[in-house]
Amino acid sequence: MNVTEENINDFNVLFVLDERIDAHNSAELKDYILHMIELNKVNIIVQLEQVRFVDSSGLGALLSGFKHAEAKSGKLSLSNVQNQVLSMFELTRLNRVFEIHTDLDEAFDIGE
Amino acid sequence: MCSTTNFQVDVVIPTQTKYLHLIGSIGEHIGKDLEDFSGDREALAYHLNLVLTEATTNAIKHANSDDPKDTVRINIDIQEQELIIRVYDHGQGFDFESVPNPDFDHPKEQGMGLFFIKTLMDSVTYTSSDDCNVLEIRKLLL
Numbered sequence: 001m002n003v004t005e006e007n008i009n010d011f012n013v014l015f016v017l018d019e020r021i022d023a024h025n026s027a028e029l030k031d032y033i034l035h036m037i038e039l040n041k042v043n044i045i046v047q048l049e050q051v052r053f054v055d056s057s058g059l060g061a062l063l064s065g066f067k068h069a070e071a072k073s074g075k076l077s078l079s080n081v082q083n084q085v086l087s088m089f090e091l092t093r094l095n096r097v098f099e100i101h102t103d104l105d106e107a108f109d110i111g112e
Numbered sequence: 001m002c003s004t005t006n007f008q009v010d011v012v013i014p015t016q017t018k019y020l021h022l023i024g025s026i027g028e029h030i031g032k033d034l035e036d037f038s039g040d041r042e043a044l045a046y047h048l049n050l051v052l053t054e055a056t057t058n059a060i061k062h063a064n065s066d067d068p069k070d071t072v073r074i075n076i077d078i079q080e081q082e083l084i085i086r087v088y089d090h091g092q093g094f095d096f097e098s099v100p101n102p103d104f105d106h107p108k109e110q111g112m113g114l115f116f117i118k119t120l121m122d123s124v125t126y127t128s129s130d131d132c133n134v135l136e137i138r139k140l141l142l
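Line by line, the protein sequences are chains R and Y. Each residue of the first sequence is one higher than the one before, counting from 1 in the numbering used here. Each residue of the second sequence is one higher than the one before, counting from 1 in the numbering used here.
Hints are supplied without guarantee of correctness; some may be wrong.
Residues of chain Y placed beyond 12 Å of chain R at every Cβ, according to the derived structure [stated by the list, open to error]:
no.: 1; residue: Thr-17
no.: 2; residue: Ile-23
no.: 3; residue: Tyr-46
no.: 4; residue: Thr-56
no.: 5; residue: Gln-81
no.: 6; residue: Gly-91
no.: 7; residue: Lys-108
no.: 8; residue: Asp-130
no.: 9; residue: Asp-131
Ranges of calculated distance between the beta carbons of each label pair, as one might list FRET restraints [said to hold, decoys possible]:
no.: 10; chain 1: Y; residue 1: Leu-142; chain 2: R; residue 2: Asn-83; range: 35 to 45 Å
no.: 11; chain 1: Y; residue 1: Leu-142; chain 2: R; residue 2: Asn-7; range: 48 to 58 Å
no.: 12; chain 1: Y; residue 1: Ser-128; chain 2: R; residue 2: Asp-10; range: 51 to 61 Å
no.: 13; chain 1: Y; residue 1: Gln-110; chain 2: R; residue 2: Asn-7; range: 28 to 38 Å
With a straight-line cut-off of 30 Å between C-alpha atoms, the simulated DSS-like cross-links for lysine-lysine are [said to hold, decoys possible]:
no.: 14; chain 1: Y; residue 1: Lys-18; chain 2: Y; residue 2: Lys-139
no.: 15; chain 1: Y; residue 1: Lys-18; chain 2: R; residue 2: Lys-67
no.: 16; chain 1: Y; residue 1: Lys-118; chain 2: R; residue 2: Lys-67
no.: 17; chain 1: R; residue 1: Lys-67; chain 2: R; residue 2: Lys-41
no.: 18; chain 1: Y; residue 1: Lys-108; chain 2: R; residue 2: Lys-75
no.: 19; chain 1: Y; residue 1: Lys-139; chain 2: Y; residue 2: Lys-61
no.: 20; chain 1: R; residue 1: Lys-72; chain 2: Y; residue 2: Lys-32
no.: 21; chain 1: R; residue 1: Lys-72; chain 2: R; residue 2: Lys-41
no.: 22; chain 1: Y; residue 1: Lys-32; chain 2: Y; residue 2: Lys-139
no.: 23; chain 1: Y; residue 1: Lys-32; chain 2: Y; residue 2: Lys-61
no.: 24; chain 1: R; residue 1: Lys-67; chain 2: Y; residue 2: Lys-108
no.: 25; chain 1: R; residue 1: Lys-41; chain 2: Y; residue 2: Lys-69
no.: 26; chain 1: Y; residue 1: Lys-139; chain 2: Y; residue 2: Lys-108
no.: 27; chain 1: R; residue 1: Lys-67; chain 2: Y; residue 2: Lys-61
Source of the hints: derived by calculation from the structure; they are not laboratory data. Here a beta-carbon is modelled for each residue, glycine too, at the ideal position from N, C-alpha and C.
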């Protein structure tokens with residue numbers, strides 16, 4: 001799993017750099033996010049600009065992170081979600097669970 | 001190419017998730033090339049990528065983990081008005097009918113794969129026998 005992490009405006013922004021999240025790398029993404037939460041980095045924005053494909057295991061990894069962040073009074077939100085990927089969130093109604101932001105600036109504004 | 005010729009793609013892969021990208025990409029390419037499909041080809045390409053990825057993941061998950069030489073076979077049959085995907089594995093199989101749809105009010109991390117297949121395609125059947133399971137997925141190309 002190819003990711004980078006940056007602290008911007010008191011948010012832990014996780015940039016996912018792989019084009020594809022599927023059952024081959026989703027467990028690694030999930031573990032990475034859970035490790036962030038263990039380190040008390042609980043205000044997470046997952047920036048998905050590079051991701052053009054996500055499957056059910058990828059959605060599951062993000063949902064796991066969301067639930068764990070919430071359990072620690074934090075929040076995991078998403079930004080820069082490509083249209084086809086967004087349609088997967090809509091189909092599973094997960095767009096009602098996650099805050100999905102157009103870009104990071106919008107995520108920072110709403111999160112403040 | 002796809003507008004005039006029926007064709008098949010037959011792939012046999014080891015039961016390893018690193019091959020999901022390959023299988024998904026084949027579906028995506030086929031979707032983009034279906035010139036006679038009157039709907040949204042970009043969406044169809046994504047859906048075929050997704051459905052092939054989910055079906056293959058499912059087969060790998062239920063495969064015979066004791067046998068490193070175990071394989072999954074994926075057959076894609078493109079006909080004029082229909083696309084048929086068949087995924088064959090040699091695992092213990094699973095009870096297809098008992099898999100529930102996701103509970104959207106209480107979402108869980110697992111159980112969305114078959115939902116995608118059933119929702120995005122036109123019909124899905126699963127046949128299990130002693131030495132082979134087949135998940136057959138049909139998509140009308142109208």
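To see whether the hints hold, each was checked on the structure:
With a minimum CB-CB distance of about 4 Å to chain R, Y:Thr-17 fails to clear the 12 Å threshold, and the non-interface call is violated. The Cβ of Y:Ile-23 sits about 10 Å from the closest Cβ of chain R, inside the 12 Å cut-off, so the non-interface label is violated. Non-interface status of Y:Tyr-46 relative to chain R is broken: a Cβ of that chain comes within 12 Å, the nearest being about 4 Å off. The beta carbon of Y:Thr-56 sits about 9 Å from the closest Cβ of chain R, which is not more than 12 Å, so the claim that it is off the interface is violated.
Distance check for Y:Gln-81 against chain R: the nearest CB is about 25 Å away, which clears 12 Å, and the non-interface claim stands. The Cβ of Y:Gly-91 sits about 15 Å from the closest Cβ of chain R, beyond the 12 Å cut-off, so the non-interface label holds. Remark: the non-interface label on Y:Lys-108 conflicts with the geometry, its nearest Cβ contact in chain R lying 8 Å away (cut-off 12 Å). Its beta-carbon lying about 27 Å from the closest one in chain R, Y:Asp-130 satisfies the requirement of being farther than 12 Å from that chain.
No beta-carbon of chain R comes within 12 Å of the beta-carbon of Y:Asp-131; the shortest separation is about 25 Å. Y:Leu-142 and R:Asn-83 have their C-beta atoms about 24 Å apart, which leaves the hinted 35 to 45 Å range violated. Between Y:Leu-142 and R:Asn-7, the C-beta spacing of about 51 Å keeps the proposed range 48 to 58 Å intact. Take Y:Ser-128 and R:Asp-10: their Cβ atoms lie about 53 Å apart, and the range 51 to 61 Å holds.
In this structure the hint that Y:Gln-110 and R:Asn-7 lie 28 to 38 Å apart at CB holds, the actual value being about 31 Å. Of the pairs offered as hints, the one joining Y:Lys-18 and Y:Lys-139 holds, with about 26 Å between alpha carbons and a cut-off of 30 Å not exceeded. For the given pair, Y:Lys-18 sits about 28 Å from R:Lys-67 by alpha-carbon distance, which is consistent with the 30 Å threshold. This hinted pair checks out: Y:Lys-118 and R:Lys-67 have alpha carbons roughly 27 Å apart, not beyond 30 Å.
As the CA atoms of R:Lys-67 and R:Lys-41 are separated by approximately 14 Å, the hinted pair is consistent with the 30 Å bound. Between Y:Lys-108 and R:Lys-75 the CA atoms are separated by roughly 17 Å; this keeps the pair inside 30 Å, and the hint holds. At roughly 24 Å between alpha-carbon atoms, Y:Lys-139 and Y:Lys-61 fall within 30 Å of each other, so this suggested pair holds. Distance hint between R:Lys-72 and Y:Lys-32 is unfulfilled; the C-alpha atoms sit about 44 Å from each other, more than 30 Å.
A C-alpha spacing of about 10 Å is found between R:Lys-72 and R:Lys-41, which places the hinted pair at or below 30 Å, so the restraint holds. This hinted pair checks out: Y:Lys-32 and Y:Lys-139 have alpha carbons roughly 15 Å apart, not beyond 30 Å. Taking the CA atoms of Y:Lys-32 and Y:Lys-61, the gap is near 28 Å; set against the 30 Å cutoff, the hint holds. With a CA separation close to 10 Å, the supplied pair R:Lys-67 and Y:Lys-108 stays within the 30 Å bound.
Only pairs whose Cα atoms come within 30 Å are accepted, and R:Lys-41 paired with Y:Lys-69 is rejected, the gap being roughly 42 Å. Distance hint between Y:Lys-139 and Y:Lys-108 is fulfilled; the C-alpha atoms sit about 27 Å from each other, no more than 30 Å. For a cut-off of 30 Å, the pair hint linking R:Lys-67 to Y:Lys-61 stands: about 25 Å separates their Cα positions.
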